[in-house]
Amino acid sequence: MLKIENLHAEIDGKEILKGLSLEVNAGEVHAIMGPNGAGKSTLGYVLGGRPGYEVTAGSVTFAGKDLLDMEADERAAAGLFLGFQYPVEIPGISNVQFLREALNAQRKARGEGPVSGADFLKLARSQADLLGMNQEMLKRPVNVGFSGGEKKRNEMVQMGILGPKFAILDETDSGLDIDALKAVGEGINRIMRAPDKAVLLITHYQRLLDYVQPDKVHVLADGRIVKSGGPELAVDLEREGYAEVAA
Amino acid sequence: MSEVLDLPTTRQEGWRWADMATLEAAATSAPASPAIDPKTLFLDTLDGPRLTFIDGIFEPAHSRPGPVQVTAIGEATEHPLGRRAAGEGWLLSLDKGAAVPGIQIVHVGSGGENHVPARIELGEDATASVTETFAGSGWANRLTQIVLARGSRLMRSVRLLQTDGFVSIRDEATVAQAASLVSVFLGAGGMGSRIDGEIRLAGEGAYGEMGGALLTRGSQKQEAAVVLRHAEPDGTSRQVWRAVAADMSTASLAARAEVARDAQRTDGEQSLRGLLLNRSATVNLKPELEIFADDVKCAHGATVGELDERALFYLQSRGLPPARARALLTHAFVGDALDRIGEEAVREAFAADADTWLEEAL
Numbered sequence: 000m001l002k003i004e005n006l007h008a009e010i011d012g013k014e015i016l017k018g019l020s021l022e023v024n025a026g027e028v029h030a031i032m033g034p035n036g037a038g039k040s041t042l043g044y045v046l047g048g049r050p051g052y053e054v055t056a057g058s059v060t061f062a063g064k065d066l067l068d069m070e071a072d073e074r075a076a077a078g079l080f081l082g083f084q085y086p087v088e089i090p091g092i093s094n095v096q097f098l099r100e101a102l103n104a105q106r107k108a109r110g111e112g113p114v115s116g117a118d119f120l121k122l123a124r125s126q127a128d129l130l131g132m133n134q135e136m137l138k139r140p141v142n143v144g145f146s147g148g149e150k151k152r153n154e155m156v157q158m159g160i161l162g163p164k165f166a167i168l169d170e171t172d173s174g175l176d177i178d179a180l181k182a183v184g185e186g187i188n189r190i191m192r193a194p195d196k197a198v199l200l201i202t203h204y205q206r207l208l209d210y211v212q213p214d215k216v217h218v219l220a221d222g223r224i225v226k227s228g229g230p231e232l233a234v235d236l237e238r239e240g241y242a243e244v245a246a
Numbered sequence: 000m001s002e003v004l005d006l007p008t009t010r011q012e013g014w015r016w017a018d019m020a021t022l023e024a025a026a027t028s029a030p031a032s033p034a035i036d037p038k039t040l041f042l043d044t045l046d047g048p049r050l051t052f053i054d055g056i057f058e059p060a061h062s063r064p065g066p067v068q069v070t071a072i073g074e075a076t077e078h079p080l081g082r083r084a085a086g087e088g089w090l091l092s093l094d095k096g097a098a099v100p101g102i103q104i105v106h107v108g109s110g111g112e113n114h115v116p117a118r119i120e121l122g123e124d125a126t127a128s129v130t131e132t133f134a135g136s137g138w139a140n141r142l143t144q145i146v147l148a149r150g151s152r153l154m155r156s157v158r159l160l161q162t163d164g165f166v167s168i169r170d171e172a173t174v175a176q177a178a179s180l181v182s183v184f185l186g187a188g189g190m191g192s193r194i195d196g197e198i199r200l201a202g203e204g205a206y207g208e209m210g211g212a213l214l215t216r217g218s219q220k221q222e223a224a225v226v227l228r229h230a231e232p233d234g235t236s237r238q239v240w241r242a243v244a245a246d247m248s249t250a251s252l253a254a255r256a257e258v259a260r261d262a263q264r265t266d267g268e269q270s271l272r273g274l275l276l277n278r279s280a281t282v283n284l285k286p287e288l289e290i291f292a293d294d295v296k297c298a299h300g301a302t303v304g305e306l307d308e309r310a311l312f313y314l315q316s317r318g319l320p321p322a323r324a325r326a327l328l329t330h331a332f333v334g335d336a337l338d339r340i341g342e343e344a345v346r347e348a349f350a351a352d353a354d355t356w357l358e359e360a361l
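If you're matching them up, the sequences are chains A and B in order.
First residue of the first sequence? That's 0 in numbering that gives the first Met the number 0, and the numbers climb one at a time after it.
First residue of the second sequence? That's 0 in numbering that gives the first Met the number 0, and the numbers climb one at a time after it.
Bound-form chain A, shown alone (with noise of 0.2 Å):
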């Protein structure tokens, strides 16, 4: 589904990706682990086209188009989505209105007709439920006054809502106290874990794949994957240390 080859990626001209290659199946969850600093943050942006990322050298391909050539909103549109490390706050749009309006432009870039309003609104509140948030929090601004846990959720709804086929997630799991965090991770086995979808976990620890169970574990450090291999590896790492486990 997800193909990576030898990505070199840079932020004002400095190198951050040396080199990666990465390739996700469907049906598949991968978790990506490394030390702070070894790109794994740059590699979720690069992935989902933020503006200020440049790709040097390499290659993504995703279900078989050119991911590189697509706009951040175009990536989404083809099933891509990149759940934030920060989200961010937005004053004065309601969650509602950004995610009707975001389900709607997809929707529409497909070639799909628009959802009701009254049908936006029953999935919106059937995904909320799902992941124990406030339903008075899909009124409000998006993230605003939201702490750290719920804007991890808002995003998990988010991406209920949306429905993507691929999902990177970049550090969901912090900021999070246990309950939350095992919202969280029911959240990614229920959206995502199905055979034509697929999630790519960035993660720091390893308390987060007790909850979702990854087909691979990949160790990222200066910008490459320097080790591969199952679930067994998160122990190691979390046991051992980056240092000792990539070395």
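You may find that some hints are simply not true.
[To be verified] Derived coverage of chain B by chain A (criterion: at least 3 residues anywhere in the stretch with Cβ under 8 Å from a Cβ of chain A; other residues may be distant):
#1 269–277
#2 305–317
[Unchecked claim] Under the rule of at most 20 Å between Cα atoms (straight-line distance), these lysine to aspartate or glutamate pairs were calculated in the DMTMM-like manner:
#3 B:K95 with B:E203
#4 A:K39 with A:D11
#5 A:K39 with A:E243
#6 A:K181 with A:D221
#7 B:K38 with B:E347
#8 A:K64 with A:D11
#9 A:K107 with B:E358
#10 A:K150 with B:E308
#11 A:K150 with B:D307
#12 A:K138 with B:D338
#13 A:K215 with A:E22
#14 B:K296 with B:E343
#15 B:K38 with B:E12
#16 A:K226 with A:E243
#17 A:K138 with B:E343
#18 A:K121 with A:D65
#19 A:K39 with A:E4
#20 A:K196 with A:D65
#21 A:K138 with B:D335
#22 A:K138 with B:D233
#23 A:K164 with A:E27
[Claimed, not checked] For each label pair, taking beta carbons as the anchor points, the in silico distance ranges come out as:
#24 B:I290 with A:Q134: 53 to 61 Å
#25 A:S58 with B:E358: 33 to 41 Å
#26 B:S279 with A:G229: 55 to 63 Å
#27 B:E347 with A:S173: 36 to 44 Å
#28 A:G112 with B:E87: 53 to 61 Å
Source of the hints: derived by calculation from the structure; they are not laboratory data.
Backbone N, C-alpha and C fix where the C-beta goes; we use that ideal spot for every residue, glycine too.
Here the structure of chain A is known, so what remains is to put chain B in place on it, guided by the hints.
Chain B alone, transformed into the frame defined by chain A:
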């Protein structure tokens, strides 16, 4: 030309951002028959009195004035533009306790200059709401004098939608004890403008608000220059203005709040914010506070910036095309000012006008 019209010049501090060249060009532009049907400028959802002025002349065919009188208005002002608006205009004079919601006044210009004076006098505890719409072209010049007796309330919403030319508004208001005046302006046309106002809170516990949004593009210049005077104790005032400037345009906001020595426990808020959609655009902000009382709360802020790149990417990453993401963020920015409009139908109409502007500008 200034010599002939005897207009203020930009050498005067209070007029330094005024676009007098556009005003003069509009004043001397040749009248053409207006292609706008005034009916389309009224909000159907409001069924109050309606008045239409074509090139400053009352047009009975498109009007049902109800309690609003069309008559000579003889009040004097020293204001250099306002004093030109003399002769026949409109008068809303309400007795104690009367209520007239949903008044709409539409001004259509076809070129050249037109001047209309107006006067709103609300008796004790009377309430009214007036929405004015400017369309067409030419120089539309208005003087509106407002006298609110104790406990009365006026909601005033004004939208400037002329395609070109110039609109100058001069408001002079006196607000008595526990009375309330809320004025919201939207400049979303292609004309130049000057919104000029002076509100005096002349009774205890009076409430005065004057704010709005100016949206400029091309080489357009719009400005607001307003003064709020607290003369008595326990008054509250709000000046919430938003300026959005694209291309080579200029939007300017000068807002001043004055608190007299006796106006203790004044609660004032002044918020001036500008948004530049291009680096070539200009926003001028001039916040001023002059406080002589010692027990006063006056919050104030003035900032100019660009759209937040992080927020843009966040919206885009969820599937919104870049132009729509920019429009949503800009809409939200302007929303702070337009949300002050009390009537839902008017608020929605103004928001829709702002959206139309955004879709064209972005």
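We went through each hint and held it up to the structure:
Counting residues of the region 269–277 of chain B whose CB lies closer than 8 Å to any CB of chain A gives 0, which falls below the minimum of 3, so the coverage claim is violated. Here the region 305–317 of chain B counts 10 residues with a CB under 8 Å from a CB of chain A, which clears the bar of 3, and the coverage holds. For the hint pairing K95 (chain B) with E203 (chain B), the CA-to-CA distance comes to about 19 Å; that is within 20 Å, so the pair holds. The suggested pairing of K39 (chain A) with D11 (chain A) holds, with an alpha-carbon distance near 17 Å, which does not exceed 20 Å.
For the hint linking K39 (chain A) to E243 (chain A), the alpha-carbon distance of about 19 Å falls within 20 Å, and the restraint holds. Proposed proximity of K181 (chain A) and D221 (chain A) is contradicted: the alpha carbons are some 31 Å apart, above 20 Å. Between K38 (chain B) and E347 (chain B), the direct Cα distance comes to roughly 18 Å. Compliance with the 20 Å bound is thereby established for this hinted pair. Restraint check: the Cα-Cα separation between K64 (chain A) and D11 (chain A) comes to about 27 Å, which exceeds 20 Å; the hinted pair is violated.
This hinted pair checks out: K107 (chain A) and E358 (chain B) have alpha carbons roughly 18 Å apart, not beyond 20 Å. The hinted pair formed by K150 (chain A) and E308 (chain B) meets the criterion: a straight-line CA distance of about 19 Å does not exceed 20 Å. At most 20 Å may separate the alpha-carbon atoms for a hinted pair to count; K150 (chain A) and D307 (chain B) meet this at roughly 19 Å. With a CA separation close to 16 Å, the supplied pair K138 (chain A) and D338 (chain B) stays within the 20 Å bound.
For the given pair, K215 (chain A) sits about 10 Å from E22 (chain A) by alpha-carbon distance, which is consistent with the 20 Å threshold. For a cut-off of 20 Å, the pair hint linking K296 (chain B) to E343 (chain B) is broken: about 30 Å separates their Cα positions. Straight-line distance between C-alpha atoms of K38 (chain B) and E12 (chain B) comes to about 40 Å, which puts the hinted pair past the 20 Å bound. Restraint check: the Cα-Cα separation between K226 (chain A) and E243 (chain A) comes to about 12 Å, which is no more than 20 Å; the hinted pair holds.
Our distance criterion of 20 Å between C-alpha atoms is met by K138 (chain A) and E343 (chain B), whose separation comes to about 18 Å. For a cut-off of 20 Å, the pair hint linking K121 (chain A) to D65 (chain A) is broken: about 35 Å separates their Cα positions. At most 20 Å may separate the alpha-carbon atoms for a hinted pair to count; K39 (chain A) and E4 (chain A) meet this at roughly 16 Å. The suggested pairing of K196 (chain A) with D65 (chain A) holds, with an alpha-carbon distance near 18 Å, which does not exceed 20 Å.
Between K138 (chain A) and D335 (chain B), the direct Cα distance comes to roughly 17 Å. Compliance with the 20 Å bound is thereby established for this hinted pair. Pair hint K138 (chain A) plus D233 (chain B) does not hold up; C-alpha atoms about 35 Å apart against a cutoff of 20 Å. With a C-alpha separation of about 11 Å, the suggested pair K164 (chain A) and E27 (chain A) falls inside the 20 Å cut-off, and the hint holds. In this structure, I290 (chain B) and Q134 (chain A) break the distance hint of 53 to 61 Å, their C-beta atoms being roughly 44 Å apart.
About 36 Å separates the C-beta atoms of S58 (chain A) and E358 (chain B), a value consistent with the hinted range of 33 to 41 Å. At about 56 Å, the beta-carbon gap between S279 (chain B) and G229 (chain A) stays in the expected band of 55 to 63 Å. Separated by about 40 Å at the C-beta atoms, E347 (chain B) and S173 (chain A) satisfy the suggested range of 36 to 44 Å. Distance hint check for G112 (chain A) and E87 (chain B): the Cβ-Cβ separation is about 54 Å, which falls inside the suggested range of 53 to 61 Å.
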